[in-house]
Each structure stands twice: as C-alpha cells, then as structure tokens.
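K.L.:
The lines below spell out each chain.
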Amino acid sequence: MNSSVIIFPGSNCDRDMDVALKKFGFNNQMIWHNDVDLPKSDLVVLPGGFSYGDYLRCGSIAAKSKIIESVINFINSGGLVLGICNGFQILIETGSLPGALLRNKYLEFICKNVFVKINNQKNSYFKSIKKDILELHIAHNEGNYFCTQDEIKQIEDNNQIALCYSNEQGEIDEKYNPNGSLKNIAGIFNKKKNVLGMMPHPERMIDKYLSGDDGSIFFETLLNNIN
Amino acid sequence: MKISVIITLKKDVLDPQGQVIQKTLNGMGFSSVDAVRQGKFFDININETDKRKAYVKTEEICKKLLANLVIENYKIIDNFNNS
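Those protein sequences? They're chains A and B, same order as listed.
Position one of the first sequence corresponds to residue 3 (this note's numbering), numbered consecutively onward.
Position one of the second sequence corresponds to residue 104 (this note's numbering), numbered consecutively onward.
Heads up, a few of these hints could be off.
Here are the simulated lysine-lysine pairs, DSS-like style, with alpha carbons at most 30 Å apart [to be verified]:
1) B/Lys-178 - B/Lys-126
2) A/Lys-66 - B/Lys-105
3) A/Lys-25 - A/Lys-124
4) A/Lys-24 - A/Lys-124
5) B/Lys-114 - B/Lys-167
6) A/Lys-195 - B/Lys-113
7) A/Lys-107 - B/Lys-113
8) A/Lys-177 - B/Lys-113
Since the hints were made in silico from the structure, they are not lab data.
Model, not experiment: these values are computed from the prediction.
Isolated chain B (complex conformation) (with noise of 0.2 Å):
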C-alpha cells in the first residue's frame, strides 16, 4: 500500500528557503503571502496489507531516518482509504 510522508521544519527553526520563495512571492505581486515555509514529501510504497503495521512501520521509518526531530515534525498522511 502507498503512503505519504510530510517533513516540516519545527516552528523555531531558521528557514531561508521559505523567506526568499515569500519574498520572492511578494515581488512577484503575491502580496498577501506573508510566510512560506520548505519541506519535503515522501511517496512510500510499501509491502504491508494490515493498515495498523503499515502505518506503524512508516513512523519508525520517519523517526529512524526521514526526519531529524532535533529540527523537523513528520506527518503521516492518512491515505490508506483511497489505496
């Protein structure tokens, strides 16, 4: 079954990336934009029937590797519906 995986970095963590995409948002005429924050998405594939393991798999996955929880939250996104 598929799953996807969000990374974020953590509220108080720097993100020059996302200020230059806002600002650059802003000259672009996107005035309202006034945060943007970078991340990363992850489309797992993996070789799972039971929804619970699969998922529980993917969070030992996120911890182990896909994120740093020093800097960055991790979301699991609950597609198991639709696949």
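Only chain A is shown next, with the shape it has when bound in the complex (with noise of 0.2 Å):
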C-alpha cells in the first residue's frame, strides 16, 4: 500500500507519521508542498504542525499551496485522505471539510491525553475496528470546531461526524470537552468519508512502552480496509 505524506513548511508531525506508516506496513513518500504531482498513493496524509507559522489563519496558507490541486482532484476521484491537527485546519481551509477550527474555548494551548469515542464505523478508516473507544493525544491552540445550525444538521444526517471526545467508557459530555468544540467533535468525515479530519495525533500512540498503543489499532484498521 502507498502513502504519501505532504511537507509543508512548519509541519513537524510529518516524520512521526512516516515511521508510523511504515511500521504498520505502508511504503511511504515524503512529498513537498511545492511539488505539481501526487505519485501514485492509496492514501494521503496531511500531518499535524504549524504551517507557514499559523499566519493569518491556521491553515489557510498552506491551503493554497501548489499540491493541493492534486490533493483535491484526488478527493474528487475517491482517494482517501487523512489530515492530523494543523492537517485537519488545512482541509477545512479547502473546502474538503465543512465548518472552521476556532482559538480553543479558554484560550490554552492544550496538550493531553484525551479519549474519543468513534461515531461512524461504516467507512475506510473505522470499519472492523476492534475498540470503539481510543486514548490519543491532542495538542492545539485552535481546536475548537464551529459551524452554523444549519451545517450541524447536514452533518449529522449525513453521519459525518467520525470522532467526538468522551470520557474512557465513552460517555459524550460537556465534561469531557477539552476545547471548546461544537457536540464535542474532534473528527468530521466529508459526505463521501474518503476525507477525515481529526485533532488527536494517532501516530503519537505507536508503542505502548512510550507513550500508548492505541494508535496501532487506528493504523492496522485502516491498513486492513486499504487491503
């Protein structure tokens, strides 16, 4: 399976995602945001970071940049693509993913272990996952999903969201909203589900020695349902 993952300037989730990608079994390709052309890739990562230093809006920079063209004509042709924090903030400034990533609610950089309760199963990223429930890491200052009444209701009749933050019985609370975030979201789908954008970095959580290995059954599902 062939992945490839896009350096932007300021991105520094990238290389974390490389050796998570091959250790599950990926042959992956560091790709440079100023390239024309995606090679050939079952999937495409935009990894987290601070992309052209968060100026203007998170993300919004990046979202211009040359690659993107490709990204998107490859979301349109139903390649998958998957964007980690500033990757999320990067596919939201496309226009892949609907709504906006807004200052975290008590203006706090946060960075914590959180847990996240998977919402939709019927896609390439969580079908057969063998938890429903995952400890992952989150590290963001501009976390905090927002959209219009009218947006929140499409999304939920379309079953876009993908991951919503809870407690470790998977209990979705207020209380259990590290930033802010519309219905707790932490990940949406686009209406197709070949796009996800998600907060927690899953490649932090690889090997449970250091830090968790929750991530592992993230990267083996996807792997197994890209077979």
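Taking the hints as your guide, dock the two standalone chains into a single complex.
P.N.:
What follows is the structure, given as structure tokens:
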C-alpha cells in the first residue's frame, strides 16, 4: 500500500507520521508542498504542525500550496485523505471539510491525552476496528470545532461526525470537551467519507512502552481496510 | 492605490479573546464596556488606477484568502477619495 505525507514549511509531525505508516506496512513517500503531482497513492496524509507559522488563520496559507490542487483531484476521484491536527485545519481551509476550527474556548494550548469515541464505523478508516473508544494525544491551540446550525444538521444527517471527545467509557459530555468543540467533535468526514480530519494524533500512540498503543489500532485498521 | 480591509468574526462565533479584553477593561474601571469583538485589519497597496477594478479585486482577495466566510465577515473600507 502506498501512502504520501505532504510536508509544508512548519509541519512538525510529518516524520512521526512517516515512522507510523512504515511501521504498519505502508510504503510511504514524503512529498514537498511545492510539487505539483502526487505519486500513485492509496492514502494521502496532511500532517500536524504549524504550517506557515499559523499566519492569517491556521492552515489558510498551506491550503493555497501548489500540491493542493492534486490533493483535491485525488479527493474528487475517491482517494483517501487524512488530515491530523494542522492537516485537519488545512483540509477545512481548502473547503474539503465543512465548518471551521476556532481558538480553544479557554485560550490555552492543550497538550494531553484524551479519549475519543468513534461515531461512525461504516467507512474505510474505522470499519471492523476492534475498539470504539481510543486514547489518543491532542496538542493544539485552535481545535474548537464550529459550524452553523444548518451545517451541523447536514453533518449529522449525513453521519459525518467521525470522533467525539468522551470519557474512558465512551460517555460523551461537555465535561470531557477539552476545547469547546460543538457537540464534542474531535474529527469529521466529508460527505463521501473518503476525507477524515481529526485533531488527535494517532501517530503519537504507536508504542505501548512510550505512550500508548491505541494509535496502532487506528493504523492497523486503516491498512486492513485499504487492503 | 491603497485599500483597507477589516475582518470581523460573525455574530454567532465565540470570541474568547474579545471577552477577555472586555473583562480586563471592566477591571480597569471602564465599567460601561459591555462587549468587545476582536478583528483583523489589512492595509493593501494595489497597483490599479481604476477604482472599480481595485474594489472588485480586493473583494476577490477577501473571499479567496483574507476571510474564512464560514466564520468571518469582511468590510472593504472606502478611502478612495484620499488616495
């Protein structure tokens, strides 16, 4: 399985993602944002970081990069595109995912482990996943998911909510909402479910001795589903 | 010619920075301040002589980059008379 990780100036989770993808059997390539063509890929990943120093709005400058046109064509042809953290912000700024990511409600940079409940398993990312509550790491300043009342209704009607912040038992409540996100949203799909944007970092949880192992479940499931 | 743009958050979008500024002002004794919304301001120098064209181009710039229309409004400030 071939994957491509796009590097923007200021990306800093690109190499972690490369290590994670290779560990679980992907043949991964790193792609510079100024390239025009994507190599043949089964999965494209926009990694976390602070592309362009978060100038203007997080992800807004990276969303105008040369490679983005190819990424959008890839999305339109049904290809799987995963955006983690800043990658999620970039996908939002390209219009590939609905809504916006605002400054965290309490104005803090949040860096901690959280639990997320998988809301929809009928897709290439979570089909047949062996746990539906994952412990993952978040590290962000702008992860407060927002959209209008009309949009959230459409998102819910189309089953586009992917992940919600919860407790260890999977209970979704405002108490477990770290950043003020609407309906505790931690990740969303596009309508076709081939694009997933999420604030948590599965690539940071792939070693049980270092941090935790729930990211491994995420990558194993993704690889199995692509196969 | 010079054109200015103001970007503000839409009415229903939470602005925690604005809220903190408002509370700080209250704490400083400006008790009559009951709301603050923070925004962005851009001074743009655009190489156009036709005012209409410059306006249209600025509007395109706002829509494509400066504002995220999901959460923000833009306002192009008409200072054509003094430029």
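K.L.:
Would the pair A/Lys-107 and B/Lys-113 pass a check requiring their Cα atoms to be no farther apart than 30 Å?
P.N.:
16 Å, holds
K.L.:
Below or equal to 30 Å on CA atoms is what counts here, so check A/Lys-25 against A/Lys-124.
P.N.:
Satisfied, since the Cα-Cα distance of roughly 25 Å is no more than 30 Å.
K.L.:
Verify the proposed pairing of B/Lys-114 with B/Lys-167, using a straight-line Cα cut of 30 Å.
P.N.:
21 Å, holds
K.L.:
For the pair we were handed, A/Lys-177 and B/Lys-113, check the Cα-Cα distance against 30 Å.
P.N.:
Holds: A/Lys-177 and B/Lys-113 sit about 27 Å apart, inside 30 Å.
K.L.:
For the pair we were handed, B/Lys-178 and B/Lys-126, check the Cα-Cα distance against 30 Å.
P.N.:
27 Å, holds
K.L.:
Would you mind confirming whether the straight-line C-alpha gap from A/Lys-195 to B/Lys-113 stays at or under 30 Å?
P.N.:
29 Å, holds
K.L.:
Holds or violated: A/Lys-24 and A/Lys-124, Cα atoms, limit 30 Å.
P.N.:
The given pair, whose Cα atoms are some 25 Å apart, holds under the 30 Å limit.
K.L.:
Check the hint pairing A/Lys-66 with B/Lys-105 against an upper bound of 30 Å on the C-alpha distance.
P.N.:
24 Å, holds
Checked against the numbered hints above, the structure violates none of them.
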